[in-house]
Amino acid sequence: MRAGIVLLIFWMLVTLVLPLWWLLSKSFQNQNGEFVGLANYIQYFSTPALFASVWNSLFIALLTTAIVLPLAFIYAFALQRSCMRWKGLFQALALIPILAPSLLPAISLIYLFGNQGFLKEWLFGASIYGPIGIVISQVFYCFPHALMILIAALSMADSRLYEAADALGASKTRMFFTVTLPGAKYGVISAGFVIFTLVITDFGIAKVIGGRFNVLATDIFKQVIGQQNFEMGAVVGFVLLIPAVVAFMADRILQRRQVALLSARAVPLIPKPAARRDWGLFAFCMVIGGLIFGLLAMSVWASLVTRWPYNLALTLNNYAFGQFDSDGWSAYLNSLELAAWTAVIGTVVIFIGAYLLEKTRSFTFGRTVAQFMAMLPMAVPGLVLGLAYIFFFNEKGNPFGFIYATMAILVVNSITHFYTVSHLTATTALKQLDAEFEAVSASLKVSLFRTMSRVTVPVCLPAVLDISIYLFVNAMTTVSAVIFLYSTDSKLASVSIINMDESGFTAAAAAMAVTIVATSAGVKILHLLLTRRLDRRMQAWRQR
Amino acid sequence: MPEQQHKADAPPYLRIERLKKQFGTFSALKDISLEIFPGEFVCFLGPSGCGKTTLLRAIAGLDIQTSGRIFQADREISNLPASQRDFGIVFQSYALFPNLTVSANVGYGLVSRGLPKVEINTRVEELLKLVGLPDSGPKYPAQLSGGMQQRVALARALALSPGLLLLDEPLSALDARVRAYLRIEIRRLHERLGVTTIMVTHDQEEALTMADRIVVMNNGVIEQVGTPVEVYRKPASAFVADFVGTTNFLPAVVVRPGCVRLGAVDLACDIDIQPGPGNKVTLAIRPEDVVVRHVQPTMPNCLRVRVADIEFLGSFCRVDLAIEGDAGKPALVADFSINVVRDLSITEGMDLLIALPPERIRVFPGAPQQP
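As you go down the protein sequences, you meet chains A and B in turn. Numbered according to our numbering, the first sequence spans residues 1 to 544. Numbered according to our numbering, the second sequence spans residues 1 to 371.
You may find that some hints are simply not true.
[Said to hold, decoys possible] Calculated lysine to aspartate or glutamate pairs in the DMTMM-like style (CA-CA distance at most 20 Å, straight line):
1. B:K139 / A:D489
2. A:K359 / A:D434
3. A:K359 / B:D63
4. B:K234 / B:D335
5. A:K524 / A:D434
6. A:K445 / B:E359
7. A:K445 / B:D86
8. A:K445 / B:E119
9. A:K396 / A:E34
10. B:K234 / B:E359
11. B:K234 / B:E185
12. A:K445 / A:D434
13. A:K445 / B:D335
14. B:K234 / B:D212
15. A:K524 / A:D251
16. B:K20 / B:E35
17. B:K139 / B:E125
18. B:K280 / B:D270
Since the hints were made in silico from the structure, they are not lab data. In this text the structure is predicted, and so the values were computed from the model without any measurement.
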């Protein structure tokens, strides 16, 4: 077992810690590789053009958070605490943006409000390119992430608290502010941090619809790809790391303060119908859900249009990617391959890693180190990780350098980038197993491996499938990390979208984005069917 | 009693020598030495945190000790991992594999042995019949009650015919009636199979009814090892006297060997009192040992008391007694049967003459501990 943890730590070192370390050291070097101390940082902070992006990034991150939190809260409230109709539909609608690359809303917005957009007048002369477009796109992109956290937060309700408040004569409004809101406090704060981090580290949206509005993410891209100034890119990367890490640590500290809100004796809250409230919330969800759906529909329509806005006849021509991008459909196939490999290898590595950390009793030092490293990826933006990988794996003399410019580096990067959430999912599932299975196996002289395959994995199968689908969809839709790491052989669909958009083939870009959504949706539906079948089989032995 | 001697004549099946277990700076087990004889049913009894589970897990090899040696059937197993030792184990949480049927659970260890299927099925059926669940084979654990699940866990632990059966608080998760039933079941299984068994429990009633010998533990040390009668009648320390059953603790001072002073009264005691005259000691006497019938002032250890409170408990009454001249605070609790209370018309506020038989008083050095 100990050997397993050592291997895990080694894996984490090579895939996460060392590359980040290389990045940091690169930011202290000049173009010749000599150590120049803080020279690059000084240059960065004294160049107003560069430095302005810091404020820009913070601005749009905070603005998006301020918009998304209330919207997502009301939506989550509607789903969890009301007797509104069609909850299933609204929940599905709200989660659509997760299946799409982040820049899908941006593309739709271009069609709606861009230079040829038919809703252009609504902006009163302002341009969609820039902060307006970025913020609106980010709102759509971050909404489902915040929603999921708030749904979980609002699901933990003890009806007896409300009964007590009612008996003490509190009005519904008072109950909301004194019982509901405080109960969801940590969920709201957590969601806030998540939105902030997502926005500040996102690259795709800013690239497509950012126009001249510079943010940290596009700065890194410009420095590295445009100017070939890797050192400055490293500096910006490190600057980008700071807010992400701060948000992450603040969230962790708050998590520790979160007292268990649901004791074993809590009685779950079953919402009572209230016509005005329910229909009001219904209307609200219709609007939000409609907008989300509308944005997706816009992209679908745009992808099927011959030449916007002149020839609106429907055609599948835009899907013949070979015409617009040299790699054509192979980019899509590469993405599929990446997603599949990431899902398979990632699930195995992460689950076994979580198992080792859960079940090893001694070796506290090793376990603490490994656990810390497992949480680290959540604080590292994809761009920064991709950049770190370039420096680390391209370095002469790196024994693992052979994976550079292959599919392998993309797979490793994706697994590392999405490690934390998967790890937490696995750990939660494993914690629900009886702690003594391994002891029983030892006493019955059955190998650990046998018990793992006969008992542990089958019982944790829902979580294993959840992890696989999470890894698959994210690898399918991610832009940030891969933008630096792809090679001529392994160009990916999301990168292809950016290229096609840059070249002006917006319709084809939309088509590729829609293809990605369709694939993710298809796999997700497969996952749902599989889980449902699994649930039925497990009914026999699940808790009654 | 004779059976105990017979068992004690055989060489010990399990020998523990100077076992110590440290968790960082915390000493969970401090120098434990113990011998357990073949076929015995031993209970490790003690409050939470006393080290009884730690000791059990050290014997199983699940949490290896920091220092010390363990011998099982004359073979040193001190550093062997659990999978190489010979034991079956049952946990408080049953730890049944939820996705396997009862038969698959019980046969889990047998399958790895490579036995032919027919043999495994026969053995599984045999075991299920042994624990009283002959028809439960195809069911899943979630479909069984707690008591049934625990019996399946027992069957599973016994499947490989281990030399040692370890039970870690097996009855704590069950409700009172099921507990009482399973107590008898486990004892019956033990008598039928003759497997050396160690059971960890914090319930002294369980220990008293089930064990051949009880190992009373506190704070990582063994306070006393003895039969239930020995541990109850002759507790070796104030802790054992208090933990097993209830005891009155009275502060007294040594007058001379065989005599102590309680307040203003001199009491005779049976045993030679160490330390010497002038030292503080604690007198321990059980509530049921207080004599109130036919007490003459000429009898040894007579006391005048006043009844401060009577608690009706059905077949007996728990009576709070205040010793005369002792500021009226209730000092003694006595259990009087309903017969006695009726015959002597014992009521609140009444004056009584009681006797504390010298042979029933235990003396411990030092003043009584504050609770």
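| Broken hints, numbered, in rising order? | 1, 5, 6, 11, 13, 15
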